[in-house]
Each structure stands twice: as C-alpha cells, then as structure tokens.
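Student: This is what each chain is made of:
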Amino acid sequence: MTVTGTGTATIRVRLFARYAELVGRTEAAVSVALPATVGDVVRRLRDEVPQARALPERPLAAVNLRQVKLDARVQDGDEVALLPPIAGG
Amino acid sequence: MTVTGTGTATIRVRLFARYAELVGRTEAAVSVALPATVGDVVRRLRDEVPQARALPERPLAAVNLRQVKLDARVQDGDEVALLPPIAGG
Amino acid sequence: MRNAELNEMSYLTRSTISLDALLAEVSSAACGGTCVFLGTVRDGPDEHGVTAIEYSAYEEMVEAEFARLVADADARWPEARIAVRHRLGTIPSGEASIAIAVAAPHRAEAFEACRFVIEEVKRRIPVWKKELRVDGSATWVDPSGRPTAHPSDLHA
Amino acid sequence: MRNAELNEMSYLTRSTISLDALLAEVSSAACGGTCVFLGTVRDGPDEHGVTAIEYSAYEEMVEAEFARLVADADARWPEARIAVRHRLGTIPSGEASIAIAVAAPHRAEAFEACRFVIEEVKRRIPVWKKELRVDGSATWVDPSGRPTAHPSDLHA
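Residue numbers (this note's numbering), protein chains in the order written: chain V, 347 to 435; chain S, 347 to 435; chain H, 6 to 161; chain R, 6 to 161.
One or more of the hints may lead you astray.
Here are some chain R residues pointing at chain V (derived, C-beta under 7 Å) [unchecked claim]:
1) V126
2) W133
3) R138
4) P148
Simulated restraints on C-beta separations [to be verified]:
5) D25(H) with G94(R): 18 to 24 Å
6) H111(H) with A379(V): 43 to 49 Å
7) N410(V) with H111(H): 31 to 37 Å
8) T21(H) with G423(S): 36 to 42 Å
9) S20(R) with D417(V): 37 to 43 Å
10) H111(H) with T352(V): 48 to 54 Å
11) P50(R) with A80(H): 20 to 26 Å
12) D417(V) with A26(H): 50 to 56 Å
13) R138(H) with H53(R): 53 to 59 Å
14) S20(H) with R358(V): 33 to 39 Å
Selected chain R positions facing chain H (in silico; Cβ < 8 Å) [claimed, not checked]:
15) A26
16) C36
17) R120
Please keep in mind that the hints were generated in silico from the structure rather than gathered at the bench. For each residue, glycine too, the CB sits at the ideal point set by N, CA and C.
Take the sequences, apply the hints, and build the full model.
Tutor: Shown next, in the form of structure tokens:
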C-alpha cells in the first residue's frame, strides 16, 4: 500500500559512473518536503551539493531499483539513483 | 567451356539416404544419347534399375556438386546425384 | 584470407564439435558481437524417444556448397567472420549436429548472418537424418523437421 | 522452476564468463536450437587503441532488472530457456562482457529471444563502460557505442 505522506522525507541518492565522477561522490542524503517527486530530489541535490550542478537537470532515474519518470513520487526511505545513459552489454 | 556434344554419355549416378535404401545401392552408371538432360538420366535409371521405380519421377538433383533443375544438360563423365529432401542441420 | 584458411579444412566432422575452436576462428579485435547457433539432437514431446540421429551426407557436395554459402554470406555481410561445422555419423540426443559462429563489428550483422547461414543450410546443404528410437525403430526425417511416413525398416 | 534456480545466483560476475556453464544451464532434451550472443570488448579501427573497458554497474538494480527482463522474455517465448551473465570490472580487449544463451524447441524462438535480451540489456540494464586506451586516456562510452566528449580525466 502506498501512502503519499506529509512532512519530511529523507532520500538516499546514489550516483554512478560519470555522474559519480562529476559530483565527486557516489551517494548523498537529501531531505525533501512531502509530497515530493524524483524531480524535486534532483533539484534539491543540485541546490545542496556544489558539484551536482554539473549533472543534467533531467537525468535518467530509478527509485528502489526501478526506472521511473521524474514526476514519480518518493517516500521517506526511498533510494533514488541517477543513471548516466545506459551502455549495458 | 561447355560443349553440348553428340553420341553417348556415361553418367555416374549417386543415390543418398532414403533413395539409396529404396534402390538398394548408392551408385549406378547409366548411358544416355546426347544431347540429354538430368531428367533423361532419371528416366533411364528408372528403366534400367528395377528398384529405381520407387524413386520420385522428379527428384531434387545435382550435377557435379551443384543443384540443378531437371532440364539441365549433362555431359559424358558428369556425376548426377539424386537428393532426397534436404534435412541439413 | 579467411576463406583461404577455411578452405584448407573441412566443414564436416565425425567428432564432437568444439565451440571453442569455432569461436577462435572468428574472433577478431574489430568484432564486438558474436552470434552462435547450435543445432542439437532433440528428444522432445514430439519425438517419442529419440536416442540419437544418424546423419549422412553427400560429402563432396556439402564441402562445395558450404564454400558457396559462406561466400554468399561474406558478400552480404563483408565485415562478418563466419565459421561453421556440421557433424556426421550417429549423434546422441543433446549433442550438437551443427555449430555456426559469426563475429562482426556490430551485433545486428552477427545475428543476421548467423540466421542466414542456418536457414541456407536447411535449404541447400545435402545432409539427411535418420532418427533412432528407444524401441529400435529408425525413421528418415523430412525437411519440415517431422519424420516421414517411410520407416526405413520397410526398405532396409 | 528455471527462474527459481536462476534467482539463487547472480547475473553478474567479475571473472571470465564460462560459456559452457551457460550452455549447461539452458540445455534440454526438448530444445533443438540454441542461440548464443557474446558481446566482446572491441579494439577496431574506430576505437583507437582500446586495451580494456572498465565496466561498472548499479549492481542491485542490475540483478533486479535482469530478473524482470528474463521474466519478460519468458512470457513472450514460454518454451525458451534463457541464461545470461554480465561481467564487471576491467575486461581486456577480445574478452566477453556479456553472454546470453537461449535454447528453444525451434530455432526461430532461440534467435528472437536472444536478440530481444541483448536489445533490452542495452536499453535497461544499468551498466556503464569506460574505455581505457593504450595512451593512458580513459573515456566514458555513450549509449550509441561511441565515446562521449567527456574524458574522465577532466573530472577524476
């Protein structure tokens, strides 16, 4: 059951490959006021972490191991990943 | 250079798989009056070799290791093969 | 150069096919994608106890026709590197009767050329199969892949 | 049953991929056709001296996404048996980064399901590549397969 929730959510943000190099770290924790979307998390990260401005404004993203659009909702405790263009194989 | 030729040609006929079983042999030599086609060779074989009547009248055929139609010409010394339906692989 | 190399050897074998050897033949620094097809002797629900298939061939023509077939594939996919081996004799269920390996700079060519080769094999390589069953019967396989209505024991 | 078996193990490895192990996973008496795809690290004329590619991944998501991808393929080709392994770490030119094996009763399904899996890998499995060159430079590869204009040494 999904509860939209109010208050503040703490989101673990993970960065990979070129994005991790650009930002100089592989993860960050950001707080967002609920309700919030993945796009809000990206904006918050870019505001709070200086080098995160180097990230695209609309990166490919996943929540809890699943690709989502930037308007997908996040909950407290979610893991949001920002994924550089996939080069699998 | 292909010479159509006249006179008599001796053709080596080879039989494989089910056709060899039907006829009870894997090869035969037949003589045909030139000019002659692969179809003539098949008819001659069916006339001369008793069990060859069990072969289809219009089998798949090859001359000198290459599939041909039954109206292809044959020369003295050619090898004609009668091929059951191919089940390669 | 590859074709010259291949022509020195046979497309046919009577032993187990070595996939490693085939892959070594096609591998190249310039090729990022390799597609392999293995045809194996099947004993599925439609086969009713096939223990092995006896493969026979018009061997001289198989060699000549494979050379032409590989040349045709080379012409369509000039950057593809192709190796193929067909096994003859009695092949037990589960073992490979044919292996095709195609390496290419990009995967689309590898898949397409590999598929082309197996489809052409089915169409033009003069090989025949007799299914040997657990009950001792033997049946020629027709080109559709299903046994014919001519059990060999009627003619053997 | 197969999926349960696969779920006990990882789709990822840091060692050389064993094609034999993959083929053993999919082999079945009912399957007459097996299609394999190998993606190998290329050092072709466009690559300018690539000695290796460093593969990194969002590993937990790779496992979850591969499970979903294989389930999608199972749904489309219910008779196909699918095994896939992706290698991570530094992979030298010529060695395989991914291997996919699909066995099926008939070859069309094997080819189609194998092609589907590699196309979906390219689209949805979160893996990234950094090309390491003979001159010491390193470049992230963009999804089109060509290096990006962002050499990593600017950001390292």
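Student: State for each hint whether it applies.
Tutor: Going through the hints against the structure:
1. V126: 5 Å, holds
2. W133: 4 Å, holds
3. R138: 17 Å, violated
4. P148: Since the shortest Cβ distance to chain V is 4 Å, the answer is holds.
5. D25(H) with G94(R): 18 to 24 Å: 23 Å, holds
6. H111(H) with A379(V): 43 to 49 Å: 48 Å, holds
7. N410(V) with H111(H): 31 to 37 Å: 34 Å, holds
8. T21(H) with G423(S): 36 to 42 Å: Since the Cβ atoms of T21(H) and G423(S) sit about 38 Å apart, the hinted range of 36 to 42 Å holds.
9. S20(R) with D417(V): 37 to 43 Å: The hinted range 37 to 43 Å holds for S20(R) and D417(V), with Cβ atoms some 41 Å apart.
10. H111(H) with T352(V): 48 to 54 Å: Roughly 51 Å apart at Cβ, these two residues keep to the hinted range, so it holds.
11. P50(R) with A80(H): 20 to 26 Å: 21 Å, holds
12. D417(V) with A26(H): 50 to 56 Å: 54 Å, holds
13. R138(H) with H53(R): 53 to 59 Å: Taking Cβ atoms as reference, R138(H) and H53(R) lie about 58 Å apart, which means the hint holds.
14. S20(H) with R358(V): 33 to 39 Å: Roughly 56 Å apart at Cβ, these two residues miss the hinted range, so it is violated.
15. A26: 13 Å, violated
16. C36: 7 Å, holds
17. R120: 5 Å, holds
The structure is inconsistent with the numbered hints 3, 14, 15, although it conforms to all the rest.
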